[in-house]
Structure formats: C-alpha cells, structure tokens
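Colleague: Sequence:
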Amino acid sequence: MERLRTWKIPLPGGGKVTAKYRPADGRVGMLLAHGAGVGQDAPFMVSMRDGLAAAGYGVMTFNYPYMEAGRRAPNRMPVLLDCHRTAFERLSLNHDAVILSGKSMGGRMASHIAAEGIGDGLVVFGYPLVPFGKGEARSTDHFKDIRQPTLFVQGSRDALGPLDKIRQRISQISNGAIHVIPDADHSFRVPRRSQKNQAEIMQEMIDITATWISDHL
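In the numbering used here, each number is its position in the sequence shown, counted from 1, plus 981.
Hints are supplied without guarantee of correctness; some may be wrong.
[To be verified] Okay, derived cross-link-like pairs now, BS3-like style, lysine-lysine, Cα gap no bigger than 27 Å in a straight line: (1) K1115 / K1125; (2) K1001 / K989; (3) K1146 / K1125; (4) K1146 / K1115; (5) K1146 / K1177.
For the record, the hints were derived by calculation from the structure and aren't laboratory data.
Please construct the entire structure, taking both the sequences and the accompanying hints into account.
Modeller: This is the structure:
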C-alpha cells in the first residue's frame, strides 16, 4: 500500500482544511466525507480509506471546517457543501472518475453534490434520514436529480435510517441500490449475538463497495 499523503486544501471563503489521500493505481478514486461527530481520523474512516485503497481505489478523506477548527457544531449546509465541492476538485486532479461517498452527514452532503451532477457515482454509509431525537424524516427531494449509480449501505437497526423509509426514498433515484448489514446500528455496531464481529462487518462493507464500484465504473 502506498504512503498516505496529507494536503492542505484552500477553501473559497478563506482558510484551509486537511485532507488525507491514500493513493492506488486504479483510474477511479473515492472522496469519503466524515459524519457530524467525528473527523477523518475516526476508525471507520481510516479502515474504509485503507481497505478500498488496497482494493485498487485511491481514497481521499477530509475535514469539514468546523472539525478542522476543533468545534463540535457543524457548519451551516452551504459552508459544508462549498468545502465538499473543493475537496472533489482536488481529488479530480488525481483520478479520471471520482465516487462521492460519506458516512452519515458526510453521505447526506455527498448526495446533494451528486444531485448537482458532480461525480461519477455515489456511495452512502448510513444515510441519516431521521435526525437524532426527532421523528420526522428529512426531505429527500434532491434524490430525484441524482443520475449517477448510487449505493446505500445501511444497518438493519439504524434508528436514523429506518429501512422501510430508506427504501421508499431510494426509489426516487433512477439507478439506486441498497445493501443491508444485518443487526448493525447507525455506527455499524452489531450486538454480541450477531453472526459477525466488527472486523468482519467492516470487511463486508469494504468488499461490497469495491465490487459495486467495479461493476458500475
């Protein structure tokens, strides 16, 4: 596996964010955005970045501005999207095709970018359809504008992404698919009674994602 590269990416409104890129020989790269509560160095992010790079796909992670500054509260959506677009432009210099991806909030931001016609595919890990502590689902009107092949990876016990509601919303996407991780919650944790341990769950997500990319790009 090639050495991890660290870049500072200038943002349109000023300031910079840190990005980490694990190179690979393949023509397809992935831009992987973090969730609301943890940054790009979270175990999920590191495992997915390194696992997909080992499968031949260069993966870049990055911090949103609030995470870069060490703050807890996410930036407003326009700021997050501006940062996301800028990170996409940087990774596009290294790959002919780029998959937009993200965990939870990062996946939601990636879906909005994809709806603008940016990127060659979309992979979302744990779409946060129902905000934490609330019962009403977020609007997904932008899903109808997503034309790229799209994969949702969801846990069967994800309280933020109830499968019945997620499946209904995915039907808005012309080329959408879902892969369900049995017994997994929003963080893809599984109970002890599960037939797989956490390492096996992580490898399943890496494998299904790599296979999906190979099949669609």
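Colleague: Is K1001 within 27 Å of K989, Cα to Cα?
Modeller: holds (9 Å)
Colleague: Can you confirm whether the C-alpha distance between K1146 and K1115 stays at or below 27 Å?
Modeller: Given pair K1146, K1115 holds - Cα atoms ~14 Å apart, limit 27 Å.
Colleague: Do the alpha carbons of K1146 and K1125 lie within 27 Å of each other, as the hint requires?
Modeller: Between K1146 and K1125 the Cα gap is close to 16 Å, so the pair holds against 27 Å.
Colleague: Need the status of pair K1146, K1177: alpha-carbon distance at most 27 Å?
Modeller: Measuring from Cα to Cα gives roughly 26 Å; hence the hint holds.
Colleague: Against the 27 Å threshold, does the CA-CA distance of K1115 and K1125 hold or violate the hint?
Modeller: holds (24 Å)
In the structure shown, no violation is registered for any of the earlier numbered hints.
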